[in-house]
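Q: Those protein sequence lines, which keep their order, are chains A and B.
At position 197 of the first sequence (counting the first as 1) the number is 197 in this note's numbering, and the numbers step up by one without a gap.
This note's numbering runs 1000 ahead of the 1-based position in the second sequence.
Treat the hints loosely; a few may be bogus.
Unchecked claim - So the derived list for chain A, only partly shown, Cβ under 7 Å to chain B, looks like this:
#1 2
#2 6
#3 7
#4 10
#5 18
#6 52
#7 53
#8 57
#9 87
#10 90
#11 93
#12 94
#13 97
#14 98
#15 99
#16 253
What the hints assert, rightly or not - Below 25 Å or equal to it, Euclidean Cα-Cα: the simulated PhoX-like pairs (lysine-lysine) are:
#17 1031(B) with 1222(B)
#18 253(A) with 1229(B)
#19 1206(B) with 1222(B)
#20 1144(B) with 1174(B)
#21 1206(B) with 1229(B)
#22 13(A) with 1019(B)
Hints listed in this document are in silico derivations from the structure and should not be mistaken for laboratory results.
For every residue, glycine included, the Cβ atom is placed at its ideal position computed from N, Cα and C.
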Amino acid sequence: MITNPIGVLALSKREILRFLSVASQTIFPPLMASILFMYIFGVAIAGRIDMSATGLSYIKFLVPGLMTMHLIASAYENTTSSLFIGRWHNHIQEVLLSPLSYLEMVLGLLVGGVARAVIVCMGVYAVGLLFAPLTIQHPFILFYFILTISIIFSCAGMMGALWAEDFGMLSLWNIYIIMPLVLLGGVFHPLTMLPEAIQHWSHLNPMFYLVNGMRYSITGVSDANVLICAITSLILAVVLFLATVYLFGIGYKLRT
Amino acid sequence: MRDSERAISIQNLTKYYGKLRALNDISFEVKRGDFFAFLGPNGAGKTTTINVVTGLSNFQHGQVRAFGYSTTTEYTRTRRLIGLCAQEFNFDPFLTIHQLLVYQAGYFGVLPQEAAHRADELLKRFQLIERRNVKHRALSSGMKKRLLLCRALIHDPEILILDEPTAGCDLELKFLIWDYLTQLNNEGKTIFLTTHYMEEAERLCKTIGIINHGRIVRIGNKQEILQDKSLEAVFLEVTGLE
Chain A
1 MITNPIGVLA LSKREILRFL SVASQTIFPP LMASILFMYI FGVAIAGRID MSATGLSYIK
61 FLVPGLMTMH LIASAYENTT SSLFIGRWHN HIQEVLLSPL SYLEMVLGLL VGGVARAVIV
121 CMGVYAVGLL FAPLTIQHPF ILFYFILTIS IIFSCAGMMG ALWAEDFGML SLWNIYIIMP
181 LVLLGGVFHP LTMLPEAIQH WSHLNPMFYL VNGMRYSITG VSDANVLICA ITSLILAVVL
241 FLATVYLFGI GYKLRT
Chain B
1001 MRDSERAISI QNLTKYYGKL RALNDISFEV KRGDFFAFLG PNGAGKTTTI NVVTGLSNFQ
1061 HGQVRAFGYS TTTEYTRTRR LIGLCAQEFN FDPFLTIHQL LVYQAGYFGV LPQEAAHRAD
1121 ELLKRFQLIE RRNVKHRALS SGMKKRLLLC RALIHDPEIL ILDEPTAGCD LELKFLIWDY
1181 LTQLNNEGKT IFLTTHYMEE AERLCKTIGI INHGRIVRIG NKQEILQDKS LEAVFLEVTG
1241 LE
C-alpha cells in the first residue's frame, strides 16, 4: 500500500530527471542503433530473406523485435545504473533514511526504468515509420506488454545492481543471459527459419513469448499463442517485483 | 504508541558483523529535548549504534525505538522523526544542491513548493544560498559539511543525529555549527552527537554516554559524569586509554 505518494513521486521524478539529463547516453544511442539495424537488415538484406511463412515484409517483422530488444535493454540499464551508482557513492542512503516503505522505494526506482523504456520503445517505433508504414494492430495489448516487460527488466536491473560488487559485474547478466535469450527469442528471425529441433527449445525461452507478444500487438502475427505470452509476462513481472521488494526489505547489500 | 518522553530507547541491543560483536547488549535512553553526547574511541560502536537507530544497519538482538515506535516494524514512522548528518559526503552527483534538498524533502512527503522554500531557508542559514545551482562537487569540504546539516534538517526532524559534524571544520564553521545546534536544542529538538572533540561535547551537551568495545561504560548527566574532572580525563579513565 502507498502511504507516501509525494515521496514516491519525488523519487520517480529524480529517476526520470537522471536519465533525461544524460539523454545522449540513455535515449539516442538505441535510436541510432535501430536506424542502422533497420537500414542494414530491413533494406539492404531483406530482399534475400524468405518471409512468406509470416505474411509480413522483413522490416515489419523486424521493428517489433527491435522495440522489444531496446525496451528490455533500457529498462534494465536504467535501474541497474541508478541503483548501483547510488550504492557506489552511497547516496542511496538518501532514500534508505526516508520514510518510504520498501515497496515505495522499489516503485519510485521502477518508474524511472519504465519511463526510459517506454520513451526508447516508442522512439524505435517512430524510427520504424521512416522505413515502413506500420499501424499498431492492438494498442491496448501493446500497452500491456510494454508495461509488463519494462517492469520485468526494471526489477531485474535492480536485482542485478544489488548483486553487483563492481562496475564489471554490472553488465554480466545483460551480456551473458538477457541479450542472448532476447536475440534467440526471435528479434531478427521467425521461428520457422530455425531447424525443427531448435524450434522446440525456443519454447523454453521466456523472451520468445515477450518478443512474440509485442510482435502480435503491432502486426497481428505471432509464432506463439498470445495468451501464453500475456500470462508469461504477467507472472514474470509479479514474481520479479515481489522478489525485488523482498530484497529491499531484508536490506540485501543495502544495510550492513 | 507514541512515547513523548523518550526520544531514543535502546534495550539489550546486540549487533554482529560476521563473527565480530560490534554492540554487546547495550541499553540506554535519550530523553526528549536532550543534547546527548555519545563518545568512544574509533571502532567502539558509535556509528554502528547510529546506523541501527536510523535503519541503515540490521541487528540481531534487542529493541530500538524512537518516541516509542520500533525502528524495524514501524520504520516509516521513526524515519520521519530522525534526521541524520552522516560523516561522509554521500550526495547524489546528478543534482544541484538545491534540487538535492528539494528531492530529499519530497521523500519525506513535503510538497515541492514548501520543500523549495525550506531549502532556500536552510541554504541561507548555512551561507550556501549563492551556490544553490551548483553540484556538490563544486563545494569545499566545509560547505559540504554544511550541506549535510541542511539535508538532515530539511524535513524538520524531532531528533537530529550528528556523526562527527565538525570533524575537519575550521574554527569559524565550528562556531557557526555550535551556535545553530544550541539554538535548535533550545527550540526543543533532541540532539544525539558523536564527536572526538571532548571540548565540543563538554560545551554543548547535557547528557554523556561513553561506549567502548561495544559496551556502554559510563552514562549520566554532565555534572554527574564530570564532578570535578575534565571530560577528557573521564574519557581516558573509563576507556582505559590512560
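Q: Each hint: holds or not?
A: Hint by hint, here is what the structure shows:
no., hint, in the structure
1, 2, "violated (11 Å)"
2, 6, "holds (5 Å)"
3, 7, "holds (5 Å)"
4, 10, "holds (3 Å)"
5, 18, "holds (5 Å)"
6, 52, "violated (50 Å)"
7, 53, "violated (48 Å)"
8, 57, "violated (42 Å)"
9, 87, "violated (10 Å)"
10, 90, "holds (4 Å)"
11, 93, "holds (6 Å)"
12, 94, "holds (6 Å)"
13, 97, "holds (6 Å)"
14, 98, "holds (4 Å)"
15, 99, "holds (4 Å)"
16, 253, "violated (12 Å)"
17, 1031(B) with 1222(B), "holds (14 Å)"
18, 253(A) with 1229(B), "violated (44 Å)"
19, 1206(B) with 1222(B), "holds (5 Å)"
20, 1144(B) with 1174(B), "holds (13 Å)"
21, 1206(B) with 1229(B), "holds (16 Å)"
22, 13(A) with 1019(B), "violated (41 Å)"
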